[in-house]
Amino acid sequence: MEGSEKLTFFGYTIGDWTAFISVIGAGVSTGSWLFKKIALDPLRSDIQMLSETINRQLKLHEQSLADLGQHLRTHDDELGSHSVRITRLEDHVGIKGDNNHED
4 MEGSEKLTFF
14 GYTIGDWTAF
24 ISVIGAGVST
34 GSWLFKKIAL
44 DPLRSDIQML
54 SETINRQLKL
64 HEQSLADLGQ
74 HLRTHDDELG
84 SHSVRITRLE
94 DHVGIKGDNN
104 HED
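The sequence shown begins at 4 in my numbering and counts up by one.
One or more hints might be untrue.
[Said to hold, decoys possible] For each label pair, taking beta carbons as the anchor points, the in silico distance ranges come out as:
id : residue 1 : residue 2 : range
1  : Asp70     : Val96     : 52 to 60 Å
2  : Thr11     : Thr33     : 27 to 35 Å
3  : Gly14     : Ala42     : 34 to 42 Å
4  : Ser84     : Asp49     : 33 to 41 Å
5  : Phe12     : Ile41     : 47 to 55 Å
6  : Gly34     : Lys62     : 53 to 61 Å
7  : Arg59     : Phe23     : 34 to 42 Å
8  : Val96     : Gln60     : 51 to 59 Å
Hints were generated in silico from the structure; no laboratory data involved.
Please read all numbers here as calculations on a predicted model, not as lab measurements.
The beta-carbon is built from N, C-alpha and C at its ideal position, and this holds for glycine as well.
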């Protein structure tokens, strides 16, 4: 080959192909950056906000359940107290109570 002849592929030199591939790489990189800014960053922000809202709601529900649990314990204590009183009253007046429902 002479010095003036250049190696070509499909009519383009290696330098042309290199420039073309570089432009494609820059385009892909730019497209990726734009996609991140346009689609992913807002989505990430929405997910973070939704997560915080869910966490707040979960804490409120946990507190409500704890309050309800305490309320139920109070009622259980009251029912136990009433049961003891009824048993004492039955014993005092000589009534044999129906204990079929008790364990």
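Hints, one by one, checked against the model:
| no. | hint | result |
| --- | --- | --- |
| 1 | Asp70 with Val96: 52 to 60 Å | violated, 39 Å |
| 2 | Thr11 with Thr33: 27 to 35 Å | holds, 29 Å |
| 3 | Gly14 with Ala42: 34 to 42 Å | holds, 38 Å |
| 4 | Ser84 with Asp49: 33 to 41 Å | violated, 52 Å |
| 5 | Phe12 with Ile41: 47 to 55 Å | violated, 36 Å |
| 6 | Gly34 with Lys62: 53 to 61 Å | violated, 41 Å |
| 7 | Arg59 with Phe23: 34 to 42 Å | violated, 53 Å |
| 8 | Val96 with Gln60: 51 to 59 Å | holds, 53 Å |
In terms of the numbered hints stated before, the structure departs from hints 1, 4, 5, 6, 7, listed from lowest to highest.
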